[in-house]
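**Student:** Each chain is listed here by its residues.
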Amino acid sequence: MTRPQKRTIPGAPIFDSDAARRGYALNKMCYSFNSKANRDEFVSDEVAYCKKFGLDEAQIKAITTRDVLGLISVGGGVYFLGKLAGGVLGLDMQDIGALQTGVTKEEFKAKLVAAGH
Amino acid sequence: MTRPQKRTIPGAPIFDSDAARRGYALNKMCYSFNSKANRDEFVSDEVAYCKKFGLDEAQIKAITTRDVLGLISVGGGVYFLGKLAGGVLGLDMQDIGALQTGVTKEEFKAKLVAAGH
Amino acid sequence: MAKIVGIMTTSHVPALGRAIHLNLQQDPYWKPFFDGFPPIHEWLERVKPDIVVSCYNDHGLNFFLDKQPTFAIGTAPELISTDEGWGIPSMPSFPGAEDLAWHIRDSLIRDDFDMLTCQEMLVDHAFTLPMALMWPDQKWPVKSVPVCVNTVLFPLPSARRCFKMGEAIGRAIASFPEDAKVLVVGSGGLSHQLEGERAGFINKEFDLKFMDSMVNDPQWATQFSDLDLVEKTGNEGVELLNWLVARGTVAGPVKVVHSSFHIPISNTAAATMLLEPV
Amino acid sequence: MAKIVGIMTTSHVPALGRAIHLNLQQDPYWKPFFDGFPPIHEWLERVKPDIVVSCYNDHGLNFFLDKQPTFAIGTAPELISTDEGWGIPSMPSFPGAEDLAWHIRDSLIRDDFDMLTCQEMLVDHAFTLPMALMWPDQKWPVKSVPVCVNTVLFPLPSARRCFKMGEAIGRAIASFPEDAKVLVVGSGGLSHQLEGERAGFINKEFDLKFMDSMVNDPQWATQFSDLDLVEKTGNEGVELLNWLVARGTVAGPVKVVHSSFHIPISNTAAATMLLEPV
Ligand SMILES: [Fe+3]
Ligand SMILES: [Fe+3]
Numbered sequence: 428m429t430r431p432q433k434r435t436i437p438g439a440p441i442f443d444s445d446a447a448r449r450g451y452a453l454n455k456m457c458y459s460f461n462s463k464a465n466r467d468e469f470v471s472d473e474v475a476y477c478k479k480f481g482l483d484e485a486q487i488k489a490i491t492t493r494d495v496l497g498l499i500s501v502g503g504g505v506y507f508l509g510k511l512a513g514g515v516l517g518l519d520m521q522d523i524g525a526l527q528t529g530v531t532k533e534e535f536k537a538k539l540v541a542a543g544h
Numbered sequence: 428m429t430r431p432q433k434r435t436i437p438g439a440p441i442f443d444s445d446a447a448r449r450g451y452a453l454n455k456m457c458y459s460f461n462s463k464a465n466r467d468e469f470v471s472d473e474v475a476y477c478k479k480f481g482l483d484e485a486q487i488k489a490i491t492t493r494d495v496l497g498l499i500s501v502g503g504g505v506y507f508l509g510k511l512a513g514g515v516l517g518l519d520m521q522d523i524g525a526l527q528t529g530v531t532k533e534e535f536k537a538k539l540v541a542a543g544h
Numbered sequence: 022m023a024k025i026v027g028i029m030t031t032s033h034v035p036a037l038g039r040a041i042h043l044n045l046q047q048d049p050y051w052k053p054f055f056d057g058f059p060p061i062h063e064w065l066e067r068v069k070p071d072i073v074v075s076c077y078n079d080h081g082l083n084f085f086l087d088k089q090p091t092f093a094i095g096t097a098p099e100l101i102s103t104d105e106g107w108g109i110p111s112m113p114s115f116p117g118a119e120d121l122a123w124h125i126r127d128s129l130i131r132d133d134f135d136m137l138t139c140q141e142m143l144v145d146h147a148f149t150l151p152m153a154l155m156w157p158d159q160k161w162p163v164k165s166v167p168v169c170v171n172t173v174l175f176p177l178p179s180a181r182r183c184f185k186m187g188e189a190i191g192r193a194i195a196s197f198p199e200d201a202k203v204l205v206v207g208s209g210g211l212s213h214q215l216e217g218e219r220a221g222f223i224n225k226e227f228d229l230k231f232m233d234s235m236v237n238d239p240q241w242a243t244q245f246s247d248l249d250l251v252e253k254t255g256n257e258g259v260e261l262l263n264w265l266v267a268r269g270t271v272a273g274p275v276k277v278v279h280s281s282f283h284i285p286i287s288n289t290a291a292a293t294m295l296l297e298p299v
Numbered sequence: 022m023a024k025i026v027g028i029m030t031t032s033h034v035p036a037l038g039r040a041i042h043l044n045l046q047q048d049p050y051w052k053p054f055f056d057g058f059p060p061i062h063e064w065l066e067r068v069k070p071d072i073v074v075s076c077y078n079d080h081g082l083n084f085f086l087d088k089q090p091t092f093a094i095g096t097a098p099e100l101i102s103t104d105e106g107w108g109i110p111s112m113p114s115f116p117g118a119e120d121l122a123w124h125i126r127d128s129l130i131r132d133d134f135d136m137l138t139c140q141e142m143l144v145d146h147a148f149t150l151p152m153a154l155m156w157p158d159q160k161w162p163v164k165s166v167p168v169c170v171n172t173v174l175f176p177l178p179s180a181r182r183c184f185k186m187g188e189a190i191g192r193a194i195a196s197f198p199e200d201a202k203v204l205v206v207g208s209g210g211l212s213h214q215l216e217g218e219r220a221g222f223i224n225k226e227f228d229l230k231f232m233d234s235m236v237n238d239p240q241w242a243t244q245f246s247d248l249d250l251v252e253k254t255g256n257e258g259v260e261l262l263n264w265l266v267a268r269g270t271v272a273g274p275v276k277v278v279h280s281s282f283h284i285p286i287s288n289t290a291a292a293t294m295l296l297e298p299v
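So the protein sequences, as listed, match chains A, V, C and Z.
In terms of my numbering, the first sequence opens at residue 428 and continues consecutively.
In terms of my numbering, the second sequence opens at residue 428 and continues consecutively.
In terms of my numbering, the third sequence opens at residue 22 and continues consecutively.
In terms of my numbering, the fourth sequence opens at residue 22 and continues consecutively.
No wet-lab data here; the hints were simulated from the structure.
Cβ atoms here follow ideal geometry from the backbone N, Cα and C, with glycine treated the same way.
Check the hints yourself; a few may be wrong.
Unchecked claim - Covered stretches of chain Z (in silico footprint by chain A; criterion: 3 or more residues with CB under 8 Å from a CB of chain A, positions within the stretch not fixed): (1) 73-86; (2) 163-175; (3) 283-292.
Said to hold, decoys possible - Simulated DEER-style distance windows between Cβ atoms: (4) Ser246/Z to Ala541/A: 27 to 33 Å; (5) Pro431/V to Lys24/Z: 14 to 20 Å; (6) Gly481/A to Glu473/V: 38 to 44 Å.
Work out the full structure, taking the sequences as your base and the hints as a guide.
**Tutor:** Here it is in structure tokens:
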């Protein structure tokens, strides 16, 4: 089937139907991180926990390599990934920003400050 | 506060906001009857099960006396009560109809047949 | 492109589930209802739809009052039949028509319908019984899109709103860029009332007029409020809203392939129609 | 009769939860944001609203993609703050304004908004942080009505649809037959983007124009589609939809009681406004 071309915005991945469908298992796992018991279980054996939620190989690899852009490309929604990053891995949004944009955290923060001028 | 008069339809109780608010605990208990384990637990000790869901005295009394009109007046929604009547108590809709209209089951069924003529 | 090949509307009385399970189709009580289906089976055999879009109401299986939607759509890969507490045997699960479901969902949101989107979904007798009536061997030759209308908690979406959602679903199907023959199902009604001092209420005259309107005046019933419909068709007669959603999907005229009406099945005026766009 | 006494809109950055918990309000990093609130505290002390209607977006606490609503309203007696996985400390639960919530819910359904109704509700930082910013002792002197807008799953409800829902909420409040002073909250934004190669995107020019439009041209932002808003304000900048719902509740002009804007708090252009109907 040919589907109409989707509008894309450079550097701004959209969590749309395709992403939600691709990432359901991954996002459901992240949603489980609303509970400390689940966060602890994940930390004790990441891959086992991923498999329990039915994540596929590409998703598990993105998890274990802390590949944020990769997690998005396999269907992760940022509000769900935030629970993994913040609540489980202890990263703040500037850590995540730096990881995704290939700069240091200080450089990332400087860019944010610059946006105010 | 004075609220505008609600339209009523004689003999046709409406499951509206007031009913949903009044009957939340009762309906939540009935919703639990989607599971056989819960149905069995209810049967083994009706009052204990009602209390577990926070039903109040009026609701528990309507349950234990099989007072269908009473269950509606304390906020029961018919789609939820149906799980209690059908799945737990083994009553069919003609039993329920007869109970509510004060006729025998045969009379109730005869009335239904008559509606076809 | 996807194309609506028919609209099948039918009552979905829970007791039918037991009757199907016990093979009572030829029993004198049930026969008048089940006799409506051989003509539909012939039509299905001939037309072979690929996808069913089923407009129905959940009775407290997938939804409870903690999160009661007005309109919901299921985009799940698998639609699961399970214990719903009424004593109806479960059926094999139903494959979801994911591509079309997401397409309709996206399209409805853009058309200002505030859908609840379900990536997991349990389906109750209102969804499963029409399927089992159409395919008695319960080997589903179609994928499905479940569309759920609130008939639990008043106020309900108005009849006019339901019809309009049907129109929007029809537009979405027409713009789906894949060849597919779509059968739209409307499940529920007609007049019946389970609760209250007026339990057992049936209104044959209204039902016949409503069935006529499905062909000759499809928006006729949109004049009625939810409480008007309770008054005229009984508390559960409001399930005819699902028929209105289904009818709304076809903008033009329809012709009747089959129509049957029988009082009573359980407490219900049981009706079945199969309509084809012309 | 109920009356809207003000509209308070603010950003709701999760890191604020930690800053509040650790009493960092006077820390140089946080001070520019928290300094926006003393004028609001004075206003609250003077006006003493009875009820907050809070328009916000859930970030995967009360809702998951199994049942993702477009618009939801909470009619629960108690709105519960709990572990949301972001490491934000929980707050005391919030009493629900049940009478008004049900009244708004019923009214919205009759106005063709297809609400999800929640008789139980967990509220995340988007709801709790504005409350803690207004009442730092976290002893809530108000009851609340939570109104939730989908900003998770695209397509989102359009900016125009959000504004229209705000208008409908405003009508519902005006028709509530009880004396009550209602403060409407809009939570979220302004420009920020957490994900993707453009993470860290902020658009000061757009934000200032948007803040101006809240006073002088309230429907200005309704010209933009959800993707337009992503382009101009970042993926999470779309949370300004909650500001539009809130602004829509007041039909006439408003005057600015307080307005502040600071870049950055975390990755966000942080803005706060307090508006009064005139
Ligand atoms: Fe039904
Ligand atoms: Fe947010």
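**Student:** Next, verify each hint and record whether it holds.
**Tutor:** Here is how each hint holds up against the structure:
1. 73-86: holds (count 5)
2. 163-175: holds (count 3)
3. 283-292: holds (count 6)
4. Ser246/Z to Ala541/A: 27 to 33 Å: For Ser246/Z and Ala541/A the Cβ distance comes to about 28 Å; the hint holds.
5. Pro431/V to Lys24/Z: 14 to 20 Å: Holds, since Pro431/V and Lys24/Z (Cβ atoms, about 18 Å apart) stay within the stated range.
6. Gly481/A to Glu473/V: 38 to 44 Å: Hint holds: Cβ distance 39 Å, inside 38 to 44 Å.
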